[in-house]
Amino acid sequence: MKIVAVCGMGIGTSVLLKMNAEKVLEKLGIDADVEAADMGVAKGAAQTAEIVLTSDELAGELGDVPAKVIIIDNFFDLEEITTKITEALQ
Amino acid sequence: MAINLAEALCSITTKASAQNWRDAIRLSGAGLVAGGATTDAYTDQMIAAVEEHGPYIVIAPGIALAHGRPSEAVLTGGLSWVSLKDPVEFGHPKNDPVSLVIGLAAIDHTTHMDVLKALAGILSQKGKLEQLVAAESGDELRALLTDAASAA
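Those protein sequences? They're chains V and E, same order as listed. For the first sequence, the residue numbers in UniProt numbering are 1 to 90. For the second sequence, the residue numbers in UniProt numbering are 1 to 152.
These aren't lab readings, by the way, just hints derived from the structure by calculation. Hints are supplied without guarantee of correctness; some may be wrong.
Label pairs and their calculated CB-CB ranges [said to hold, decoys possible]:
#, chain 1, residue 1, chain 2, residue 2, range
1, V, Glu35, E, Ser71, 27 to 33 Å
2, V, Thr83, E, Gly91, 39 to 45 Å
3, V, Gln90, E, Asp44, 43 to 49 Å
A partial selection of chain E residues facing chain V, derived with a Cβ cut-off under 8 Å [what the hints assert, rightly or not]:
#, residue
4, Ile47
5, Ala48
6, Ala49
7, Leu100
8, Val115
9, Lys117
10, Gly127
11, Gln131
Glycine residues also receive a C-beta, built at the ideal position from the N, C-alpha and C atoms.
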């Protein structure tokens, strides 16, 4: 499974999201490839990903993508990330 | 093992005064410049990022991660810490107001991963932010960060 973590610049928030998502996925026992991307790269990457993780502000910029878009409010809250990824995979 | 965030920060400002989010980002940029991580141009780039994409850098309640892209304005990369005396609004629907602005400069997309990992490890601890923002001085903050790192 491919997951893309998206932010505006591709160095800060998306990297944090990628790290925390990997922690959560490992706990859930889900095998996934998480990629951090800036908005430009993400629009392409999201075409082949199953899940996109991003913030509310950036979800709108992403436009129409086939991937399921998960909006994270607190990037440091592993519980929130766990709940939202679990819901998306059901 | 994970790096010690207290040593990784290139500058620390506690109880700073900012009128608005631009001010707050400028302080974090000034910290990066003072720490030798970036030039002044990077500070403008961090502000431009919010003007372009909105307040998405407010990544958790009370916490903003100010950053731009890797560019010529980044000399070595680094992380600056600015806690605010009075929180400011960034215009984020859920995570306002902001009391901690972390300035991040990176030379590429991967070399700063360990620092971010250390930061995430500490800030995911519940109630930690309040404690860190309450620190009155750089020394006090460094001590708290060192404790938090060993507890993580």
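Next on the checklist: To test your reading of the hints: which numbers does this structure violate?
Outcome noted: 1, 2, 4, 5, 7, 8, 10, 11
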